[in-house]
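Throw the hints in and build the complete structure from the sequences for me.
The residues making up each chain are set out below.
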Amino acid sequence: MSTLQRILYVEDEPDIQAVARLALETVGGFTVKVCSSGEEAVREAETFAPDMILLDVMMPGMDGPTTLEALRGIPALAEVPVAFMTAKVQPSEIAHYKSLGARDVIPKPFDPMTLSDQVRQVWDGAA
Amino acid sequence: MTSADAEQALKDRLAQLRARYLEHLPDELAALSALQGRLAGKEQDREVLDELQQRLHKLAGSGGSFGCAELSAAARVLEQRIGSWLGAKALALDAASRQWLADEIAGLSRTVPAQSMEPSEQPDAGVLPETRPAVDRVLKVWLVEDDAELAGQLGQQLQSFNYAVRVFDGIDALKRAVKGEQPDLLLIDVMLDEGRENATARLVDCPDLQALGCPLIFLSDKDDFPSRVRAVQLGAQGYFLKPLDVPRLVNRISQIFEERHAPAQRVLIVDDDADLAEHMRLVLTAAGMEARVLDAPREIMDTIAAFRPELVLMDLYMPEYAGTDLAGLIRQHEAYIHLPIVYLSAETDIERQIEAMGRGADDFLTKPISDVQLVAAARSRIARARQLEERISKDSLTGLLKHASIKEAASREVLRARRIGRPVTLAMLDIDHFKRVNDAYGHAVGDVVIMSIATLLRQRLRQSDIIGRYGGEEFVAVLPECDAENARRVLEDIRRNFAALNFNHRDDRFGCTISIGMVCSADYPEEDGPDLLVAADEALYRAKRGGRDQTEQAFPVPAH
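For the protein sequence lines, the chains are A and B, in the order given.
Just add 911 to wherever you are in the first sequence, counting from 1, and you've got my numbering.
Just add 102 to wherever you are in the second sequence, counting from 1, and you've got my numbering.
Rather than coming from a laboratory, the hints here were simulated on the basis of the structure.
Remember, it's a predicted structure, so these values are computed and weren't measured experimentally.
Among these hints, one or two may not hold up.
Here are the simulated lysine-lysine pairs, DSS-like style, with alpha carbons at most 27 Å apart [claimed, not checked]: (1) B:K191 to B:K144; (2) B:K281 to B:K242; (3) B:K537 to B:K504; (4) A:K944 to B:K113; (5) B:K191 to B:K277; (6) B:K469 to A:K1009.
Covered by chain B, according to a simulated footprint, are these stretches of chain A (three or more residues, beta-carbon under 8 Å) [what the hints assert, rightly or not]: (7) 919–930; (8) 946–959; (9) 983–992; (10) 1019–1028.
Computed far set for chain A versus chain B, every beta-carbon distance over 10 Å [as the list claims (entries may be wrong)]: (11) V943; (12) A998; (13) Q1001; (14) R1031; (15) W1034.
Just so it is clear, CB atoms sit at the ideal spot from N, CA and C, and this is done for glycine as well.
Below you can see the structure in the form of structure tokens.
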């Protein structure tokens, strides 16, 4: 199994994009590509060839689950682990997201200092 | 770039992002208010509520990443409430519900920390600031006292502990002053205007003064019941009788300021339902606590030792081991006899609850428990446990840790320093010729000297440093993640400041000095906490023999 280096991060809010980029690049040392919508992610994902994808759940247009479904339709990305990021984390919801094919759910708000560790944990669970 | 530079750059960048987030926040909150204003109590509200819910959801998901955990938690509650309204078949919000929502949205801005947003205080590795960050601003203490002589004396003594004091001769003068500026703490004499005015009675009728929200302490020469009750009702944090025991008063004031910076409450969650455990962890974290979920029952004692929870939330029925088994196991360890354990279970059978409580637990919460209830239950239990712990582990004169507790802290920090590969410095401080002070001026004056060094240590050391009264006039300070050079600088600063203090006894003025022995774990890679304390004690002895009023550092004797 390869190591975790390239992360595709899909999130519509600029504030959160910026803090997540800082958390993943500077704290975690990852290579990060940020997409502002599900549509953009579906367009760009294959070229970027991520090791892992982080998807915000609630986005205008294509939401997280719809984006996941579309990404799963791209053969090169079919096996890439995906984690949802969301503020609503009721137990039943976690189960629901996992049933859609997500590896895990990372709760929001995240702590910029520990986000990379959380991502690595999800990755280790997937590896 | 060194790693310290990189860390600083990261912090700066985070601070920038936080500032930008906070800049946008008022607009967002205004937009929420405007949306709320469009609610009419009809089915058409659905669209507005949808948008409100989405925007609150975003706030809930973002606030905590920018140092606004409370905003996240509050927005989440609102989001969920709106969700339940939207879930109802017919939508007809009554006026009371709309008013509630309006108030709650207006209240969101109060959850945003005021002024510049410092991230949750992270101790800076290796670097010791000149003074602790908590006092980079001089704290303002306002005194309402019509007895000019007492006001003068008290003001002078408070100033020598680095408080900025302003004196007012009555409540009216205070009322005028708070329009322009606000104190960090209020000290008010109950009997004003030569006994004609009772301050507690006046304050009950002064909403503007009550709204200040700063800690309040009353002074009084009469111990009367109605005044004391009114003081409680006004939220006073102290009631001191005259003649004033000033060191105790100063001690109380510094404790009040310290409580504001109390570390996050720590909760360990033991529940085999991983999703529910994670949910509780999130709820408690959003409320500003530090919560951890136990991964495996076998690791419970290791986890407790490393995480040092102040409360254990324990599921009663788990497949491998029952909650009562694990609670009993915790109680087998003497160090955790006082650790509060609360069972959490769907069990509603009262007899089984009582039986479970008979086996080592303190209370019982019945699932399902609402988020608000969970937070309130955890918070109040930990607060009580902290107060008790304080009584048990702290020296009543100085509020510092007692001998056994500081020794334990030294051992723990030396172990931790080894584990994380950073130095810890231990210092032993002893007042020079203390017996002479007691003999010449009496024990009460001796106590003043002891309290002064305690207060000075608390003011000059960092929040993360640990201070204890080791013996009569001997103190120990544990400075985690601090090397010898930085420790020496701050200890020398304390030594010089203490020597500059003046003590009064009747018409006599006198000064005192301290000698200090210090030791850094980096110089003793193999030794544990007790060994290092012995080394610090030997260095202290050298400082005494070298003429006192100085700091000596311990070094290992080179092997031949």
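Checked against the structure, which of the hints given earlier come out wrong? Hints 5, 8, 9, 12 and 13 are the ones this structure does not satisfy, whereas the remaining hints hold.
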